[in-house]
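*Asks:* Residue numbers (numbering that gives the first Met the number 0), protein chains in the order written: chain A, 0 to 472; chain B, 0 to 472.
The reader is advised that the hints may include incorrect statements.
[Unchecked claim] No more than 16 Å apart at the CA atoms, straight line, and that leaves these computed lysine to aspartate or glutamate pairs for EDC-like:
#	chain 1	residue 1	chain 2	residue 2
1	A	K426	A	E36
2	A	K33	B	D223
3	A	K409	A	D423
4	B	K33	A	E333
5	B	K33	B	D423
6	B	K259	B	E283
7	B	K33	A	D339
8	A	K207	A	D435
9	A	K384	A	D455
10	B	K467	B	D423
11	A	K62	A	E36
12	A	K33	B	D423
[As the list claims (entries may be wrong)] For the chain A half of the interface with chain B, some residues (derived, Cβ under 10 Å), not all of them:
#	residue
13	A365
14	G383
15	H452
Simulated from the structure, these hints should not be mistaken for lab results. Built from N, CA and C at the ideal position, the CB exists for glycine as well.
There are 2 protein chains.
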Amino acid sequence: MTPEEFRQWGHQLIDWLADYQQQIEQYPVRSALKPGEFRASLPAHAPEAPESFQAILDDLNNKILPGITHWQSPNFFAFFPSNASGYSVLGELVAAGLSVQGMLWETSPACTELETHVLDWLVTLLGLPARFRSDGLGGGVIQDSASSALLCALIAARERCTGFNSRLQGSDNRLVLYASTEAHSSLEKAAVIAGIGLNQVRRIGVDKNHTLRVDELQRTLAADRAAGLMPFMVVATLGTTSSLSCDSLPALSALCLHEKLWLHVDAAMAGSAALCPEYRHIHEGLEGADSYCFNPHKWLLTNFDCDCFYVADRAALTRALSVAPAYLDNPASESGSVIDYRDWQIPLGRRFRALKLWFVLRGFGAEGLRQNIRHGIALAQRWGKIIESDSNFELACPVAFNLICFRHHKGDAFNQQLKNALNDSGKMYLSHTVLDGRYTLRLCVGQSTVQAHHTDAAWNLIVQTAQKQSEAL
Amino acid sequence: MTPEEFRQWGHQLIDWLADYQQQIEQYPVRSALKPGEFRASLPAHAPEAPESFQAILDDLNNKILPGITHWQSPNFFAFFPSNASGYSVLGELVAAGLSVQGMLWETSPACTELETHVLDWLVTLLGLPARFRSDGLGGGVIQDSASSALLCALIAARERCTGFNSRLQGSDNRLVLYASTEAHSSLEKAAVIAGIGLNQVRRIGVDKNHTLRVDELQRTLAADRAAGLMPFMVVATLGTTSSLSCDSLPALSALCLHEKLWLHVDAAMAGSAALCPEYRHIHEGLEGADSYCFNPHKWLLTNFDCDCFYVADRAALTRALSVAPAYLDNPASESGSVIDYRDWQIPLGRRFRALKLWFVLRGFGAEGLRQNIRHGIALAQRWGKIIESDSNFELACPVAFNLICFRHHKGDAFNQQLKNALNDSGKMYLSHTVLDGRYTLRLCVGQSTVQAHHTDAAWNLIVQTAQKQSEAL
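In isolation and in its complexed conformation, chain A is listed as follows (with noise of 0.2 Å):
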């Protein structure tokens, strides 16, 4: 392809985006296609001879969009949003033109420095500690999800409890960590990927606000300590995936520093709440913590990947997981003045998603993003009320900043029959979870372009088939 190619193709393919982003109401929600079927309409075999760009558009109009779940549409409330904006596909498209690798400073300065500097800048509109700031002895970096921000925060705190001799020996199977009931399956996978076990995972029990009961967790240590086990990490949540409950931080740091237990805090979800100032008390005794993430691909309108990671002690992070082959030497490294992000995270190589967030930090500005999230939280809180005034339906719990959880009264089955009818109806699509025992429908309002008239056609949608399956009966 010559960049004059690249330029008339380009523009198309731009257009193209701009016009899904136009018509993006008009596909069903969720794709309608069976397993296999989108595959049944693909050669067996990779073509020998290129094929015109012409075809491969065809393909994307043909084949693929209706073979996706449209996750940027405004009748979008599953799960959480997968956030994206012009300004982060913009970054996304000039990192990938650049396409430079930013394993060391030396590969390439401004990928990392940006990097270390956008993560500065929200420290300050987060009002997170200073302690995670890059000019203390903490410091930020990009990971692809919360995920893999805990895997590395544990690979952290499973060296500094056994004095970085983990690294060496192998894990000890004596080591124990916590985290609530209701926080989120990555730490299960991350214990298991860590050679700690699940077995070494204490799920504490949640109060009447799905948070962790702080003395459940004391009685808990005790007894493990007793046991002669090492209790070394608690995960703490500020957004649970069922329920966007937030533990108590003040408690949990007092407590683990105490305990001298690595805190981690996963804010992937409620987190950029924080950049309004009315919700920033999420935040309070975050200074107590070894670590925190939150993902702006969730709620700041940057598309996947991009999860802010936090540690109060960098040394910790990078002693953990640095691996020195010498044809990575250089002199920026060796003088000890730059950071190689390398050694803060699972894989070597990394892309410049910097790039994006900063597109994004800059093209909305913090009031633009603290408009977006507001926006999301006074449509969700509207419609609960409108919930909570059905007689047919209950919340089940308050809204928490832009997630409703609801159940029809006629029950579990009930409630999964209706969800499956309103996903494939393909004009909205909600999750679900299962919160006091009891199957709960989740609608999470979070994308960018949702408006009061999509929440009252869905609301009108549920109502209406909720109504003919009681008939139905």
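Please arrange chain B on chain A, whose structure you already have, making use of the hints.
*Replies:* Using the frame of chain A, we list chain B on its own:
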């Protein structure tokens, strides 16, 4: 940003990238910035109000371009290439613009099925064993890097060896794994992360061709078994970082089968060469491997990140890595008829990376990709002959594929100084390694735009710089 603004600014950025491709040779290949210089050019705080798109564009020109190392320059000969192309950049653009999540089949069927399909295409194109195809017990998945692929392989190997018991009880400190002294440092990183420990990594010596000595491996295995340890995995390399040497798979396959060890084959760089029938022999013996990976983001014109990772028994991988929270239950997953790639990787979320690989395979066709590989190899072989004929220099080993390892005869310090002077010039960028205990210069000829006049000019610069350096002694 409205769709119309996206259209307008998107066109500007496409033009900017096309211009960049045309002007790339005017920039110093390695950024000339000093540590901290880039950050000093940025404001201390994120903007409160939105900035204009022009301000962002100006900073791309004035700040970002001088701050990056130009990995796509035809004068970039360092490390291994991170080889982008117009097709892959445009594929990445579409993936970012659609911004779907591929964690489950349901969350975007085409995202999952295109990946499975394209990776099956590559089994045929590279002549990989049929057991890596998805229509049997195996299958392929895109990872961010060969490091992550190796870590996933290691977790699956660890679990298979311990009867999926490490998942529950933590890693067993008797586990030991093996690779040559020339294998990639991601081996140590994976062993640290997985709780195996560096002490349990055996680096086996190499022969004069820098390939793993199977006799030494056998002796080490026997000694470890006699000491009550549990060998579980061998990592073979096709294309080592230092010299692109290829371990002999037939012998290693037979040994691993006999010893019941998981054989992982890391073909990150060299694997792509097997697209050409004349290099397919590197895969002889691969039928005995349990897992395999190669990186289209190195030598298949697909921008980072794109590592293709294959397993012969996908159940071993997913059983090792799966954790299944209630909020991700869905009918398609429960039917068992779909792949959920969340269980094939470290993170949960994932991008639509198959799109760019699909664009590349179709835009170039297999023939175009072969041509690019042969082009780099021909230029490297030609350059190698020139170096061989210069009495001041020697090849450190025969030119392998597109990699030249060479030295000036004046020794380590001279070569190190030479490398720094060449990279400081901004006219070319090369890297180094330590081979047979000696400082060795590396030139990898893998850029899509490199021509003979580039390699000739680079060689003239090397000769002249060495000449001046000799005179100054």
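*Asks:* So, for every hint listed, does it hold in this structure?
*Replies:* These are the hints, each one checked on the structure:
1. K426/A to E36/A: Not satisfied, since the Cα-Cα distance of roughly 21 Å exceeds 16 Å.
2. K33/A to D223/B: 51 Å, violated
3. K409/A to D423/A: Status violated; Cα separation ~20 Å.
4. K33/B to E333/A: Holds - the C-alpha atoms of E333/A and K33/B are around 14 Å apart, at most 16 Å.
5. K33/B to D423/B: The given pair, whose Cα atoms are some 12 Å apart, holds under the 16 Å limit.
6. K259/B to E283/B: Distance ~20 Å between K259/B and E283/B Cα, so the pair is violated.
7. K33/B to D339/A: 14 Å, holds
8. K207/A to D435/A: 9 Å, holds
9. K384/A to D455/A: Given that 16 Å is the threshold and the Cα spacing comes to 12 Å, the pair holds.
10. K467/B to D423/B: Between K467/B and D423/B the Cα gap is close to 15 Å, so the pair holds against 16 Å.
11. K62/A to E36/A: Roughly 10 Å separates the two Cα atoms, so the pair holds.
12. K33/A to D423/B: 57 Å, violated
13. A365: At 5 Å from the nearest chain B Cβ, A365/A passes the 10 Å test, so the hint holds.
14. G383: It is violated, given that the least Cβ distance between G383/A and chain B is near 19 Å, above 10 Å.
15. H452: With a minimum Cβ separation of about 18 Å from chain B (threshold 10 Å), the hint on H452/A is violated.
Hint compliance for this structure: hints 1, 2, 3, 6, 12, 14, 15 are not met, and every other hint is.
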